[in-house]
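Asks: Sequence:
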Amino acid sequence: MIRCHLSRLMGEKKVRVADVARATGLHRGTITLLYEETAVRIELDAMNRLCAYFGCRVEDIFEYIPEAVPNSEKAE
Numbered sequence: 177m178i179r180c181h182l183s184r185l186m187g188e189k190k191v192r193v194a195d196v197a198r199a200t201g202l203h204r205g206t207i208t209l210l211y212e213e214t215a216v217r218i219e220l221d222a223m224n225r226l227c228a229y230f231g232c233r234v235e236d237i238f239e240y241i242p243e244a245v246p247n248s249e250k251a252e
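If you count the sequence shown from 1, position 21 lands on 197 in our numbering, and the numbers rise without skipping.
Calculated directly from the structure, the hints in this document are not laboratory data. C-beta: ideal position from N, C-alpha, C; glycine also. It cannot be assumed that every hint is accurate.
[To be verified] Here are the simulated distance ranges between beta carbons: (1) K190 - N247: 41 to 49 Å; (2) R198 - N247: 46 to 54 Å; (3) A199 - A244: 18 to 26 Å; (4) R204 - P246: 38 to 46 Å; (5) A194 - P246: 21 to 29 Å; (6) P246 - L220: 30 to 38 Å; (7) I178 - H203: 15 to 23 Å; (8) S183 - N247: 29 to 37 Å; (9) D195 - V245: 35 to 43 Å.
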């Protein structure tokens, strides 16, 4: 599973969806989907813009969390 920490970053910087959209040129809908962690994909350009805006790395916004593998699949 991929977790998106955009809401945390926005809270730390005290900015709204509209602020991020205006500063990055990304659509408000894109920012909202990431903020609510309901996005199913993201363009590399969008990641680049977000990293530039927040002054961070990709792994500061997105985190990979391995999903638990059922015991029946581990045996194979």
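Asks: Are the hints correct? Go through all of them and say.
Replies: Hints, one by one, checked against the model:
Separation of K190 from N247 is about 45 Å and conforms to the stated range, judged on CB atoms against 41 to 49 Å. At roughly 49 Å, the beta carbons of R198 and N247 sit within the given window of 46 to 54 Å. Take A199 and A244: their Cβ atoms lie about 38 Å apart, and the range 18 to 26 Å is violated. Taking the beta carbon of each, R204 and P246 are about 39 Å apart, inside 38 to 46 Å as hinted.
A hinted range of 21 to 29 Å is violated for the C-beta pair A194 and P246, which are about 43 Å apart. A hinted range of 30 to 38 Å for the beta carbons of P246 and L220 is consistent with their spacing of about 33 Å. Range check, I178 to H203: Cβ separation about 20 Å, and the 15 to 23 Å hint holds. In this structure the supplied range 29 to 37 Å holds for S183 paired with N247, their Cβ-Cβ distance being about 34 Å.
Checked against the hint of 35 to 43 Å, the pair D195 and V245 passes, with Cβ atoms roughly 40 Å apart.
Hints 3, 5 from the list above are not met by this structure, while the remaining hints are.
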